[in-house]
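Residue-level listing of the chains:
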Amino acid sequence: MFPTPCDWLLRQNKKLSFPHTLPVLDQLTGGLHPGQVIELCGPSGVGKSRVCWHLLRDCLHAGKKAVVVSSRKILGSDLKNLPNSTNLSVSYVSSVYELLTTLAALESMQASLIVIDGVQSLLQAVLGAANFRGHALLNDVKCAISTVAVKSLVMYTNGLVSVGDGNHGPALGRAWEMAPSVRIMMLKEPDGGRVMWRNRECTARLVVGDLGVTITWCD
Amino acid sequence: VFLKSEHVMEAVCSTPVITFSSNLDTLLGGGIVPGEIIEFLGEPGSGTSQLCLQLAVDCTIPKTFGGRNCRSLLVDCNGDTCEIRLNQMAEAALAHLNLIARNKEEKDTMSRLTTREMLSNVHSVRCTDYTQLLALINNISEECDYGAVLIDALATHFRHEFDDMRQRTNILAELSNKLHRLCIKHNVTLVTVNQVRMDREGGVQPCLGESWSHTAHRRVFLRRVSGDVYSATVMKGERSGETANFRISSRGIRDCLPQTT
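Protein chains in written order, with this note's numbering: chain A, 6 to 224; chain B, 89 to 349.
Derived by calculation from the structure, the hints in this document are not laboratory data. Please read these numbers as outputs of a predicted model, since none were measured by experiment. There's no promise every hint is true.
[Said to hold, decoys possible] Only pairs whose alpha carbons sit at most 25 Å apart, straight line, appear in this in silico DMTMM-like list of lysine to aspartate or glutamate:
| id | chain 1 | residue 1 | chain 2 | residue 2 |
| --- | --- | --- | --- | --- |
| 1 | A | 193 | B | 287 |
| 2 | B | 92 | A | 112 |
| 3 | A | 193 | B | 94 |
| 4 | B | 266 | A | 145 |
| 5 | B | 266 | B | 231 |
| 6 | B | 273 | B | 330 |
| 7 | A | 85 | B | 98 |
| 8 | A | 193 | B | 298 |
| 9 | A | 85 | B | 326 |
| 10 | B | 151 | B | 205 |
| 11 | B | 266 | A | 63 |
| 12 | A | 193 | B | 330 |
| 13 | A | 85 | B | 330 |
| 14 | A | 147 | B | 298 |
| 15 | A | 69 | B | 98 |
| 16 | B | 92 | A | 103 |
| 17 | A | 70 | B | 94 |
| 18 | B | 92 | A | 63 |
Sequences are here, hints too, so could you generate the full structure?
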């Protein structure tokens with residue numbers, strides 16, 4: 006990697022950012038622009054993938070390139086309302102090594118948005134090993150994500166694990182906490198609503214609908 | 089490494105497997121689609137095994153009637169696959185198709201279809217511990233001529249056999265990866281049945297922990313309401329939070345009878 010002049014980086018940034026329809030999420034995360042690595046963390050079914058697909062729709066409607074890296078098959082229900090364009094690239098990964106290969110291949114693509122969905126099970130599978138190779142691999146993934154995040158907006162989903170006493174915390178442990186630039190926690194309330202927050206003072210409400218998601222401030 | 093977009097867009101138009109209850113099918117967005125992992129959970133006696141048997145039979149519906157006409161594999165971890173019940177469901181399905189056959193093509197198909205032929209496409213295998221289950225998934229990952237794999241009930245072998253919870257989480261994570269790889273590679277519909285346990289407040293919670301809950305694309309909670317009426321609530325996926333009622337009769341899964349006032 007060679008040093009690059011900042012005005013070139015700024016122009017690249019402008020070239021690859023895309024208009025989106027989630028202004029509250031923009032403020033919550035400190036900006037949905039290239040250079041950010043955003044983690045959406047929450048229990049199963051709270052709507053992490055829905056938010057990602059909403060942004061993917063926005064990106065494709067704006068005519069920019071988007072990449073989805075997923076361990077799960079993408080279903081018709083995710084793809085509806087999507088413009089039929091060749092700007093969407095999909096890669097299915099089923100192991101950490103495939104994830105690293107895909108992330109390396111992403112450097113040459115000029116993608117505006119990279120969504121990495123459902124990979125905490127891949128990473129958890131290596132973390133459980135008795136030796137420390139798991140942590141080294143996790144570090145490799147962290148570095149690979151940071152490298153692609155220089156030019157693109159990276160968004161990924163994480164789940165929860167129990168941390169004892171019936172409480173839950175983000176999966177992948179303390180070592181992973183440094184990986185994202187922003188971690189957005191999401192939770193389902195007892196009345197059925199969903200909230201997302203970065204720190205406890207600032208919460209937003211998430212509503213999932215047929216055409217996408219709506220995020221509004223809680224007040 | 090990267091797929092062409094037309095391969096991805098194929099997922100939009102894929103034939104779902106129906107359940108013979110139109111309320112339940114609407115809740116599931118038409119049925120269960122290829123490539124998806126759907127998890128049904130509920131207490132014992134909430135209709136999960138019956139739903140598996142019905143879906144296994146429904147996979148064999150011929151293409152002329154909008155079905156998938158594929159082989160299905162019932163993985164039996166509990167020992168409650170009842171061949172007599174499968175036969176009953178297949179006969180009822182055949183009778184229903186005979187009733188709705190209208191044009192010549194459909195009538196021709198029905199004149200050649202028998203219960204025996206339908207059931208020859210439903211395979212069943214008994215797994216008595218988790219290593220057998222893993223070995224089975226490894227076997228069918230190479231060459232899979234099944235269109236649907238139904239695992240009833242996955243939680244059985246993971247609830248009591250492990251002293252070391254870390255080992256259990258690892259094995260479940262690996263199983264999750266293998267199942268997704270199977271679905272992606274062979275475009276298989278996967279149905280897993282999970283069990284529930286009590287949580288601190290006295291409510292029910294799915295078994296196998298938080299990490300397993302991210303595996304399925306969709307999760308549906310089944311509950312017995314009264315008599316032969318059961319309800320299904322979507323916990324994760326499209327139409328999250330919505331409920332539908334269905335009935336389990338001698339013919340299999342069907343819609344509820346209209347209420348007489």
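Okay, the hints, checked on the actual structure:
Our distance criterion of 25 Å between C-alpha atoms is met by residue 193 (chain A) and residue 287 (chain B), whose separation comes to about 17 Å. Proximity of residue 92 (chain B) to residue 112 (chain A) is assessed by CA-CA distance (about 18 Å); at most 25 Å being required, the pair is judged to hold. The straight-line distance between the Cα atoms of residue 193 (chain A) and residue 94 (chain B) is roughly 35 Å, outside the 25 Å bound, and the hint therefore fails. Taking the CA atoms of residue 266 (chain B) and residue 145 (chain A), the gap is near 23 Å; set against the 25 Å cutoff, the hint holds.
A hinted pair counts as satisfied when its Cα atoms are at most 25 Å apart, and residue 266 (chain B) with residue 231 (chain B) qualifies at roughly 14 Å. For the suggested pair residue 273 (chain B) and residue 330 (chain B), the alpha carbons sit about 31 Å apart, so the restraint of at most 25 Å is broken. In summary, the hint linking residue 85 (chain A) to residue 98 (chain B) is supported, as the alpha carbons are separated by about 12 Å, within the 25 Å threshold. Distance check on the hinted pair: residue 193 (chain A) and residue 298 (chain B) sit about 14 Å apart at the alpha-carbon level, within 25 Å; holds.
Between the alpha carbons of residue 85 (chain A) and residue 326 (chain B) the distance comes to roughly 12 Å, so the proposed pair stays at or under 25 Å and holds. For the hint pairing residue 151 (chain B) with residue 205 (chain B), the CA-to-CA distance comes to about 15 Å; that is within 25 Å, so the pair holds. Straight-line distance between C-alpha atoms of residue 266 (chain B) and residue 63 (chain A) comes to about 32 Å, which puts the hinted pair past the 25 Å bound. The suggested pairing of residue 193 (chain A) with residue 330 (chain B) holds, with an alpha-carbon distance near 15 Å, which does not exceed 25 Å.
Distance hint between residue 85 (chain A) and residue 330 (chain B) is fulfilled; the C-alpha atoms sit about 20 Å from each other, no more than 25 Å. As the CA atoms of residue 147 (chain A) and residue 298 (chain B) are separated by approximately 23 Å, the hinted pair is consistent with the 25 Å bound. Simply put, residue 69 (chain A) and residue 98 (chain B) have alpha-carbon atoms about 22 Å apart, close enough for the 25 Å limit, and the pair holds. A C-alpha spacing of about 18 Å is found between residue 92 (chain B) and residue 103 (chain A), which places the hinted pair at or below 25 Å, so the restraint holds.
Of the supplied pair hints, the one linking residue 70 (chain A) and residue 94 (chain B) holds, its CA atoms being roughly 16 Å apart against a limit of 25 Å. At roughly 20 Å between alpha-carbon atoms, residue 92 (chain B) and residue 63 (chain A) fall within 25 Å of each other, so this suggested pair holds.
Hints 3, 6 and 11, counting from the list given before, are not met by this structure.
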